[in-house]
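> The residues making up each chain are set out below.
Protein chains: 4
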Amino acid sequence: MNFEYSDKVKRLQAKISDFMDQYVFPNEKTYMEQISKENRFSTHPTIMEELKAKAKAEGLWNLFLPDSEDGAGLSNIEYAPLCELMGRSSIGPEVFNCAAPDTGNMEVLVRYGTDEHKEKWLKPLLNGEIRSCFSMTEPNVASSDATNIESSIIRDGDEYVINGTKWWSSGAGDPRCKIAIVMGKNDPNAEKHKQQSMILVPLDTPGVKIKRTLNVFGYDHAPHGHAEIEYNNVRVPASNMLLGEGRGFEIAQGRLGPGRIHHCMRTIGAAERALSILCERVQERIAFGKTLAEQGVIQEWIAEARMNIEQSRLLTLKAAYMMDTVGNKAAKTEIAMIKVVAPNVALQVIDHAIQALGAKGVSQDTPLAASWANIRTLRLADGPDEVHKRAIARQELKKYKKVAQGVQ
Amino acid sequence: MNFEYSDKVKRLQAKISDFMDQYVFPNEKTYMEQISKENRFSTHPTIMEELKAKAKAEGLWNLFLPDSEDGAGLSNIEYAPLCELMGRSSIGPEVFNCAAPDTGNMEVLVRYGTDEHKEKWLKPLLNGEIRSCFSMTEPNVASSDATNIESSIIRDGDEYVINGTKWWSSGAGDPRCKIAIVMGKNDPNAEKHKQQSMILVPLDTPGVKIKRTLNVFGYDHAPHGHAEIEYNNVRVPASNMLLGEGRGFEIAQGRLGPGRIHHCMRTIGAAERALSILCERVQERIAFGKTLAEQGVIQEWIAEARMNIEQSRLLTLKAAYMMDTVGNKAAKTEIAMIKVVAPNVALQVIDHAIQALGAKGVSQDTPLAASWANIRTLRLADGPDEVHKRAIARQELKKYKKVAQGVQ
Amino acid sequence: MNFEYSDKVKRLQAKISDFMDQYVFPNEKTYMEQISKENRFSTHPTIMEELKAKAKAEGLWNLFLPDSEDGAGLSNIEYAPLCELMGRSSIGPEVFNCAAPDTGNMEVLVRYGTDEHKEKWLKPLLNGEIRSCFSMTEPNVASSDATNIESSIIRDGDEYVINGTKWWSSGAGDPRCKIAIVMGKNDPNAEKHKQQSMILVPLDTPGVKIKRTLNVFGYDHAPHGHAEIEYNNVRVPASNMLLGEGRGFEIAQGRLGPGRIHHCMRTIGAAERALSILCERVQERIAFGKTLAEQGVIQEWIAEARMNIEQSRLLTLKAAYMMDTVGNKAAKTEIAMIKVVAPNVALQVIDHAIQALGAKGVSQDTPLAASWANIRTLRLADGPDEVHKRAIARQELKKYKKVAQGVQ
Amino acid sequence: MNFEYSDKVKRLQAKISDFMDQYVFPNEKTYMEQISKENRFSTHPTIMEELKAKAKAEGLWNLFLPDSEDGAGLSNIEYAPLCELMGRSSIGPEVFNCAAPDTGNMEVLVRYGTDEHKEKWLKPLLNGEIRSCFSMTEPNVASSDATNIESSIIRDGDEYVINGTKWWSSGAGDPRCKIAIVMGKNDPNAEKHKQQSMILVPLDTPGVKIKRTLNVFGYDHAPHGHAEIEYNNVRVPASNMLLGEGRGFEIAQGRLGPGRIHHCMRTIGAAERALSILCERVQERIAFGKTLAEQGVIQEWIAEARMNIEQSRLLTLKAAYMMDTVGNKAAKTEIAMIKVVAPNVALQVIDHAIQALGAKGVSQDTPLAASWANIRTLRLADGPDEVHKRAIARQELKKYKKVAQGVQ
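Residue numbers (the UniProt record's numbering), protein chains in the order written: chain A, 1 to 408; chain B, 1 to 408; chain C, 1 to 408; chain D, 1 to 408.
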C-alpha cells in the first residue's frame, strides 16, 4: 500500500493550485457581476472565456478524460486530486473544461458515439465552444427508480420521435447549450432494464421547448440553469440513437460512475474551502473575551471536519483506484459509498462554517451558502442517498451464505 | 397540570386555520408572482393588502400583543398556537399584522415609547400602514456578543448624532419601512452593560443610506429585504431616545423574549407544514414496487418528526407559560432552550421532506426550500445556538454548590 | 394550559425527595455489599427490607396504582414526578414497592384478576412480601412482533398445560419471586390477535425450571435476575387463566401502557441524576488550566442534556395526561413516542457524564455505567424503538386523506 | 497510489483468518467457562496456553513488533490488517502474543530498555511467559492532562522510592503479571514536560499493593483485571529507571503511537464482527411478514456500517503508512484522528447490531455487549476524544497565517 501521489500528479496539483490562486478565486466576484441582472440567461460572462483561454494555453484542459487521446490520459486516481482543487470554486470546473454535465456527456460520446456524433458534438465540447445537457429526470415520476421514466422515443421510418417532459436538465438555460442526451422508453414491453434508450437531440430541433428554469433554494444558477424541457413530437435522425435501442441503462451506468466520482472530488474541494474560510475567520473574531478559535465547540467542529474530510477523500481515492483497476462495474459499491458520504460530509462542514461566520455565512458575501445549496442537490441527483444505501446494504448482505431469497 | 387549550384559544385556532386554508395558502403563488422581477424592492404585492383587510375585518389582527388595549389581550400561551398556525405560510404573519420585526418593535414602543412615539410610529404600525426595522447587528464585529457593537449615538445639543454601519436590518428593503430602532454606544466608558442605547431613526432622515440588501441562500426576500444601512452623521431629536441613555441592553432583553418565542411558534408551524407535505407526497410516489410511505426509512423520518415537533411545541408552550406567570426574565433559560430547539427540529423535518420529494424539494415548486433557508437564519439571529447553549449550561451549573468561581 | 404540579403532588415530591436523600442514596453502597459474592441469587439484602418498612411507615407505598383503593389514588400525571424521583436510584423503586415488573403485574391483577387471584397474589405483592415476573419474550422468535410467540397454553380438563421456553423473565432469579404471568398460544387457528392468552403460573409448579439468568452488559442484576425459564408440561388450574382464552393481547395492551410510562419516568430520573453527577464533577476537575466546567464542549453537553430532559419530561407528562383523560388506548401514540424518546435521551446524557468523568465513569464507583446498561435494555424491552417508530409513522400517515391502501 | 496489500500480507491474512476460524472463535466459550466463578483472578484458562502454543508453532507470534529481530519485521501498514483479524475476538490478541498492554510495554523495552531490562523482562514477555501492566492513570487527578500526574519517583541513594496510587493498571489482576511500568514525578520544579519519569517496578516488590480491580460496565475482565494499585514507599534499584529522569513524556509519546493504532485496528475487527453477526441474524428473523434484512431501517444501518468501517480502516492504514514513512511524531495528527474515529464507528455498529438482535444482544450469548463495553473505554483510554479533537483542531488552525497568538 502506498498513499503517495505520483510526481506527475504532484506537478499538476501545484500548477492547478497556482492557477486557482492567481486567476480563479480573484475573479469569482467579477463572474457574478458580469451576469446581467435582467437577462440572466442570455448573457455569458466574458471573464469565463478569458479564463478558459488561459487554462487551455497552460495545458490545463479536459483533464477529466481518462484513457483518451483527447484528454490528458489521466487515470481516475490521478484526476481525483486535481478535480478536488478545481471544485473549491463554483466557477473552477468550467474554466478547465471539466464541468458537469459536459464531462459526463463527453465521456458518453467518446465511448458510445459514432464518428459523426464525435465530429459534430464531441469536438466542439472538447474545445469548450458549446455546452450540453443530460435530460433524464422527469417531474411526474420518482426518477430515483429509473425504470419509472416515461418519455417515449419511438422509431418512425428514418427518424425517432421523442415525447415527454423532463426537468433538471442542467445547463440547458445557457444559450451556448446546443445538444441534449435524452433518455426515454422505446419499448414498454421489453424486459424491465431494456426498455430505455438514449438519443442525441439538438436543442434547436422543432418541438423542443425550454419551459422554465428551476431554482435551487434561492439560486437560479444563471446562465447555466436547470431547465424544464418539453419534448413535443421532436424528430431526429435515427442515427442519433446512442449504442442502440434499449441500451439506455447500460449507458447510464457507464456515464454515472465517473460523473459521480467527479462530483465527490469537487465536493471535497468545496469542503476544504469551507474549512479554510472557517479557520481564517475564527482567528479574527472575538466574543466573550477570546477568539472564536479558542472556543471548544469551534475546535470540535474543526477536528470533525478534518477527520471526515480525510476519510471521505480516502474513500473517494479508493473508489477511483478500483475504477482504474477492476472497472466501474466492479467498483459500483465503492462508488455508491462515496456518492453518499462526500456530500453529507461537505454539507456538515459548510454548515459549521456558516454557523461560525454568523449571518454573513448565509449571504452572498462568501461562497458558503451557494456551495451548501449546490451540494445539497447532490444528495438527490443521480439517485437519493437512500437508494444508494439500499444498494450498499444489499451488496453487504449477499456476502452471507444464508441470504433469504426474498431480500429486496 | 392541564394540557388543554382554553375554549377561547380553540375558537381562534379554528378561525385562523380556516382563514389560512381559504385565503392564505391559495394566494402564496399570487404573492410571488406579484413581486416584480425587475424592481423587486419597489413593488408591493397588492394581494397582501387585500388579505390584510380581510384579516382585520375578521378581528384576526395584532393578536401578538399581550396585555395591551391595542392587541387582543392574549397571553403568550394563548397566542402560541395561533402564531404557529400563521407560521405555516411565509406570507401568513404579515397578513395578520403579526410579522417580525414589526411585532418586536411594536412591543418596544408599547412598553418604552413616549406618547409622541406611540402616536407617530406605533399607531401606523398597529394599523399595518407602515413597516419598521431593527438595526442592531454590525458587519464588523461578532454581534453575538452585543457588547461588541460599535455604532455611536452621541448627544449634541437637542439632538443625537448616529454613526455606524448596520446590516441584517430586515424589512428595510421595503419602501413602506419608515422607522428604525437603532442600537449603538453612547458612552464607551460606562459599565459594560450600560454603554448601549436604542433610538428611533426615521429612514428618511438625511445620512441614512441603504447600501444594499443581503441574500439568504440565494433568496433576496423582496420586497422585505435584509438591508445593510450606513448611518452617516444622522441627526434625530433627543426625544427619539428610548427609555434613556445606556438602557439599550435592558430594552433588548425585554424585546427579545417575545420576539424569540414568536419565531419558535412560527417555526413549529413551518415544521408541521413540511411534515404534511412529506406525508402527502410519500403516499403518491412509488419506487421499487411500493409507495415511499411504505419504506422503513421514510417512516422513521415521519416518526422522528412527530416526536420532535411534539416535544418542541411543549417546550415552547412551557416557556410561554413561564413568561406569563413569572416574567420574561425568570423564563430566560426556557426561552434560550426553545430558541435553540425549535429551529433545529424544523430544519431536520424540512430537510427530510426535501429528501423525500427529490429535486422538486429544492426548487421553487414547494415552500420547503425557502422555509429551510429562512429558518436556517434563526440559528444565528438574536445570537447563535452556541451562545444560548452556553447560557443554559451556566444556569445549570449554578444549581450546584461547588460552583468554581472561574466558570465562564 | 397549566404547567404547575398540584399542591398534593408538590407535597409528595418533597417527601420522596427527602426520603431519597436521607435513606436511599446513602444506602446504595450497603445494598451492593449485602449481595453475596458467591450466592448472588439466594441472598436478599436486609437493607432493602429495612428501607421498605420505613417507606411504608411514611405512607410512601404503592403510589403507582391509579384509581385504586389499594394504591394512593394518584392519577398518572400525579404519579409521574414521584416515579421520576424514585428512578434516580436503581434501588429506589423497590423501596416504595413501585418496581417493575411487579407494578405492571399488580395492575393486571387489579384489572383482570378474580377475587381468588387477588387474595392469593395481589395481596402479598401489594404488601411487598413476594415478587413476580412476566414471562412473555421467547428466545426463538422475534418477540417484537408478539404474534410470533410460540409457547402453548392448552386446555386439558380442569387444567391448562403450558409448554415453551421464555427468557428475560426479569425478577425470576430472586427466591422471593413466586408467581409468573405467562403468555402463550392457546389457539393457533384463531384470528391473529386472538391466539394468545395469559395465565398465572406459580413458580413452584412442577415443570417450571429456571435454566439460567441472563446478563446485561456484564451485570447479572442479582438477586433480581433475568431468567430463562423452561415450562415443560406445566399444569395449572383452569381458573388461573386471566380474562379468558385468546385475550392475551388485550391484557398486554392494558398492561404495557402504564408499564411503559413508568419506565420513562424512572428513566428521566436516571438522566437527571447523571446530569447532576456530571455537573458536580466538572466543577472539580481541572485540565489544561481550567475546570472542565469551563470547557465549551462540556457546556454544550450540559445544555443539550437540560434541553432534552425538559422536552422528554413534558412529553411524558402529556402522555400521562392523555392516559388520565382519554384513556390508554387513545394515548397509544403518545405512549409510543415517550417509549422511544426517554431512553434515548437518558442514554445520551449518561454517556456524556461517563465521558466527563473519564475511566471512573465506566466503573462501579458511580451509578452511571449500571444505569446506562439498564436503560439500554429499554430501547428493546416491550418492543424495540423501530417498532414503535413504525407505529407512530403509520398513525401520522393516517391523518392524510390520500392514504394508499397498501401502507403497512 | 496503490490500495493493494502486498503478497506477504495477503498470505499472513489468510493464515490468521484460518487460525481464527479453526481455533479461536470455537474456543471463546471454553475460555469463558474456564474462568472460575469463585476465584476469578487466580485461575488462568488452560485453553489460552494451548492456543498460544499452536499460534507460536505456526509462526503467528509477536507480529506487532516492527523493525525488530524479535518480531516478524512487519511495518505498521503490514501489521494493521493482521491485527484487525485478531481483534475480531476478545481472546484473539493474547493468543498471538499481541495483546495490550504487553505490546506497548514490549516496545518500550525494545526501544528504551537496557540489556538487563531486556533479559529480565522483555524475553519472558516475548515468550508469553509473563504479563505486564502500565501504571499511569491516577484516581485523584484528570489524567487526560498528563502533567497532572502526582505519584512521586524520588532518588534515594542507589534506589528510587515510589509513592502514589494508580488505577486502571490493566492486566495487573492476573497472577502472571510480573512487572509494571510506572509513571510519576521525579522533579516538580522541572520544566512542565520534564517532570515525569517512567520506571520498572516488579509487582512483588514490598509496598506494592493491589487494592481491588475495577469493572467496565458490569465486566470484571478476569483474569486480566483493571487494578487499583497503591505504591507505598516502594524501593527499586536506580537502574530500573527508563531512559533517564524527566523523560517520561518522551517515552509515553513513543509508546502511545503504536499502542493507539493497534487498538484502532482491533476495534475495526470488532466492528466487522458485529456487522457480520447483524447480517447473519437479520436474514433469519422475521417480523411483520418479512425478514429484518428486508426492513429499510436495518438496511440503512448496514450501509452506514459498511461506509464508516471502510473509511475508518483507510484512515487507520494511512496513519500506519505515515508512521512507517515519516515517523510517529510526524503522524501524530493522523494517529489522533483514528484514535477518535475508530471507537466511535465501532460503537455505532455494535449498538445497531445489539438493536437488531434484540434482548439477546445485551446478554452473554453473543460477543456484542462485551465488545461494546470494551470499546467504550477506548474513547477514554490514552486521553478522551475531546483532548484528541482539541489537538487536531489546533494543528489545523496552525496552517493559517493569521493564527491568533492566544489560541490554546
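Just so you know, the hints here were simulated from the structure itself, not pulled from any lab data. For every residue, glycine included, the Cβ atom is placed at its ideal position computed from N, Cα and C. Please note that a few of the clues may not be correct.
Stated by the list, open to error - For lysine to aspartate or glutamate, the following DMTMM-like pairs were computed, each having C-alpha atoms within a straight-line distance of at most 20 Å: (1) B:329 - B:145; (2) D:211 - C:145; (3) C:360 - D:187; (4) A:398 - D:230.
Claimed, not checked - One side of the interface only, derived from the structure: several residues of chain A facing chain B at Cβ under 7 Å: (5) 23; (6) 36; (7) 358.
> So, for every hint listed, does it hold in this structure?
Here is what the structure says about each hint:
| no. | hint | result |
| --- | --- | --- |
| 1 | B:329 - B:145 | 19 Å, holds |
| 2 | D:211 - C:145 | 48 Å, violated |
| 3 | C:360 - D:187 | 28 Å, violated |
| 4 | A:398 - D:230 | 53 Å, violated |
| 5 | 23 | 25 Å, violated |
| 6 | 36 | 12 Å, violated |
| 7 | 358 | 5 Å, holds |
When held up to the earlier numbered hints, the structure conflicts with 2, 3, 4, 5, 6 and fits the remainder.
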